[in-house]
Amino acid sequence: MLELRLVQGSLLKKVMEALKDLVTDANFDCSATGFSLQAMDSSHVALVALLLRSEGFEHYRCDRNLSMGMNLNNMSKMLKCAGNDDIITIKADDGSDTVTFMFESPTQDKIADFEMKLMDIDSEHLGIPEAEYHAIVRMPSSEFARICKDLSSIGDTVVISVTKEGVKFSTRGDIGTANIVCRQNSTVDKPEEATVIEMNEPVSLTFALRYMNSFTKATPLSNTVTISLSSELPVVVEYKIAEMGYVRFYLAPKIEEDEEETNP
Amino acid sequence: MLELRLVQGSLLKKVMEALKDLVTDANFDCSATGFSLQAMDSSHVALVALLLRSEGFEHYRCDRNLSMGMNLNNMSKMLKCAGNDDIITIKADDGSDTVTFMFESPTQDKIADFEMKLMDIDSEHLGIPEAEYHAIVRMPSSEFARICKDLSSIGDTVVISVTKEGVKFSTRGDIGTANIVCRQNSTVDKPEEATVIEMNEPVSLTFALRYMNSFTKATPLSNTVTISLSSELPVVVEYKIAEMGYVRFYLAPKIEEDEEETNP
Amino acid sequence: MLELRLVQGSLLKKVMEALKDLVTDANFDCSATGFSLQAMDSSHVALVALLLRSEGFEHYRCDRNLSMGMNLNNMSKMLKCAGNDDIITIKADDGSDTVTFMFESPTQDKIADFEMKLMDIDSEHLGIPEAEYHAIVRMPSSEFARICKDLSSIGDTVVISVTKEGVKFSTRGDIGTANIVCRQNSTVDKPEEATVIEMNEPVSLTFALRYMNSFTKATPLSNTVTISLSSELPVVVEYKIAEMGYVRFYLAPKIEEDEEETNP
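Protein chains in written order, with full-length UniProt numbering: chain A, 1 to 264; chain B, 1 to 264; chain C, 1 to 264.
Hints were generated in silico from the structure; no laboratory data involved.
You may find that some hints are simply not true.
Same chains, same names: a pair is fine if it fits in one copy or spans any two.
[Said to hold, decoys possible] Straight-line C-alpha distance at most 27 angstroms; calculated BS3-like pairs for lysine-lysine:
{"id": "1", "residue 1": "Lys91", "residue 2": "Lys190"}
{"id": "2", "residue 1": "Lys117", "residue 2": "Lys20"}
{"id": "3", "residue 1": "Lys13", "residue 2": "Lys168"}
{"id": "4", "residue 1": "Lys149", "residue 2": "Lys20"}
{"id": "5", "residue 1": "Lys149", "residue 2": "Lys91"}
{"id": "6", "residue 1": "Lys190", "residue 2": "Lys168"}
{"id": "7", "residue 1": "Lys80", "residue 2": "Lys168"}
{"id": "8", "residue 1": "Lys190", "residue 2": "Lys240"}
{"id": "9", "residue 1": "Lys217", "residue 2": "Lys20"}
{"id": "10", "residue 1": "Lys217", "residue 2": "Lys80"}
{"id": "11", "residue 1": "Lys20", "residue 2": "Lys164"}
{"id": "12", "residue 1": "Lys190", "residue 2": "Lys149"}
{"id": "13", "residue 1": "Lys168", "residue 2": "Lys240"}
{"id": "14", "residue 1": "Lys217", "residue 2": "Lys240"}
{"id": "15", "residue 1": "Lys13", "residue 2": "Lys149"}
{"id": "16", "residue 1": "Lys117", "residue 2": "Lys149"}
All figures in this text were calculated on a predicted structure; none of them were measured in a lab.
Please put together the full structure from these sequences, using the hints given.
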């Protein structure tokens, strides 16, 4: 039997908004340690990993490990019916082919339960090794989202270049070129507005803006985003979920061959 | 001659928004007692009744009973041109084939008059007898609107079941089932947030959500909605218009034969 | 070499929003006196003139007169990437076929530069003589925008009639007629809310609402709009840009022959 009670139900709604455009169907894995998901996007280019640790739930009961295949679009439809202040409980009986989402209003005057059919989904869990990164950038998540959106109006790819001074986002397209530099500024009043760079060696990598823009759907989950870059590894774009876990997106860099030709 | 002056002009704008998606053309009836309308929706399934009593108008002159056929979409286009604080006057000369809507800004610096052609519309006025209902539910109108909208993302019909404890709204669809229970709670701080149930006997009826959602376009007219249910009668969904009258929607229940089959 | 630094960068964003739907490609002319543009709309019916005087820039360097052909849609895409509080600098080297827009955030922590290709555009500069107008109406720009939008839901053209008492905007269409009168009211508390009429002789002219609605895209630039009317001249719809200049739209009146026939 599974029963996970999350007082801050709006968090689960935000998680769904962050994932549903990227992932269609996925297995949610429940164990004693937490509620998690790992899935490739539908075009098999990006990887998403979600973790909500058991300590973050008001009540967390998971008698045995359980993998529940869900259609994220349908799950999102149901969770949208929860009020932003509602307490959400996820329930499943052993061996059942359904999962129930229960929404309780703060006053307990309105109780909703939505039962969704589960699916059988083939998936293999990839071990993602902890790695050393050449550079790690922490910056305001809204700033990162704005930059990805702005550059998309000019080009299709973004070059992210990190030096000690700052991080540069560049693109080029038919109408021209764009460069946006964010300087390291750890001395701002509010820590969540800082841009902080940890760098072992300079790095410059190219990514598809389409995926970056999908990742920024997770912006409401966290004030800051952490971008970990290494020339031999996929970039990790991480949104921490306060006191509970994270959503992480992995994307391999593009190999640019003929990009340089168009440079003057 | 007809001259109806309504200080709270925004009210007439809200009435049009409540009706125009449901009713295309209709006769507005003016008499000494008030300004009213009764019309079937365009698919002849739901009935709408509007009453604005003469006492609610600042000035109300109606020399003889008059029935004015109007296209509600065109009328809505004109009323949208009134400011929210404007005073609206409806004017018609005897025998004229037009009606004039006059909008005066609060400062009287801007005066608009919109003249609209009237139409000949065949209609018969149905006598709607006062009836006894098995159960009458009064609840916040925004809550009812939210529930109808939420359930529409899961299924096409809603089962409304009333017991002494509360009212339950249920639906089922391809992706699963949903049940939302609102408990009777007459002891809230603000009376307009109460859910109050008057019940003679339990009742459980099924309705098309499409129509319910249309009815909730009247939500801006009133903080509360009253739902009157009886197994042999159409449901009445009523939005009171403060000190003036009401908009009432009537809808026959669906006869459910094969609904039960899919129940486990 | 050209370098124009505008502290209030949002102003340039508003100018682009005002022009881009009307004008596709145009030459921006830079001289010691200011940054200006004159262009016909793409259907060659309306004329637009923009002036931003050099005094309004924090820094203004223009070594020699320069005409830069730009696609306004592309320019708008780039300027949309500037934050509303950003300082915008326009830069061009002598003989270069590109222009650079630099955006600096108020904290200087984010610096963006967008480089756009210039175009060769044939254009002739029309001398617009200063003229005497029969009537000049100054009114709140938001009120004018609202009236043009409202009348568009009824008809395609607007008759603007000015008398000493006020200005009347009229239209007619399939569903009826509309008249909106704004009275002269120079004694309001806030000068920008006044409607002020300077009149030598009464005037009544007809214009295409489609163009008037395009002109009102400039509404965010100024609280007031000035409409200058004369029976032999195009109307001038002017939005002043505080301490810098203006955007002016010119539109020839329609000759109405058969309009009167439909009058009773």
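Okay, the hints, checked on the actual structure:
1. Lys91 with Lys190: neither (39 angstroms within a copy, 34 angstroms between copies)
2. Lys117 with Lys20: within (17 angstroms within a copy, 38 angstroms between copies)
3. Lys13 with Lys168: between (32 angstroms within a copy, 24 angstroms between copies)
4. Lys149 with Lys20: So Lys149 and Lys20 pass the 27 angstroms test inside a copy (19 angstroms) and across (21 angstroms) alike.
5. Lys149 with Lys91: Classified as between: cross-chain Cα gap 24 angstroms, same-chain 38 angstroms, threshold 27 angstroms.
6. Lys190 with Lys168: For Lys190 and Lys168, only the intra-copy Cα distance (22 angstroms) is at most 27 angstroms; the inter-copy one is 47 angstroms.
7. Lys80 with Lys168: between (37 angstroms within a copy, 19 angstroms between copies)
8. Lys190 with Lys240: within (17 angstroms within a copy, 39 angstroms between copies)
9. Lys217 with Lys20: within (9 angstroms within a copy, 30 angstroms between copies)
10. Lys217 with Lys80: Classified as both: same-chain Cα gap 16 angstroms, cross-chain 20 angstroms, threshold 27 angstroms.
11. Lys20 with Lys164: neither (36 angstroms within a copy, 40 angstroms between copies)
12. Lys190 with Lys149: Within one copy only: 24 angstroms inside, 40 angstroms across.
13. Lys168 with Lys240: within (23 angstroms within a copy, 38 angstroms between copies)
14. Lys217 with Lys240: within (13 angstroms within a copy, 40 angstroms between copies)
15. Lys13 with Lys149: both (23 angstroms within a copy, 17 angstroms between copies)
16. Lys117 with Lys149: So Lys117 and Lys149 pass the 27 angstroms test across copies only (21 angstroms; inside, 36 angstroms).
Violated hints for the displayed structure, listed by number in ascending order: 1, 11.
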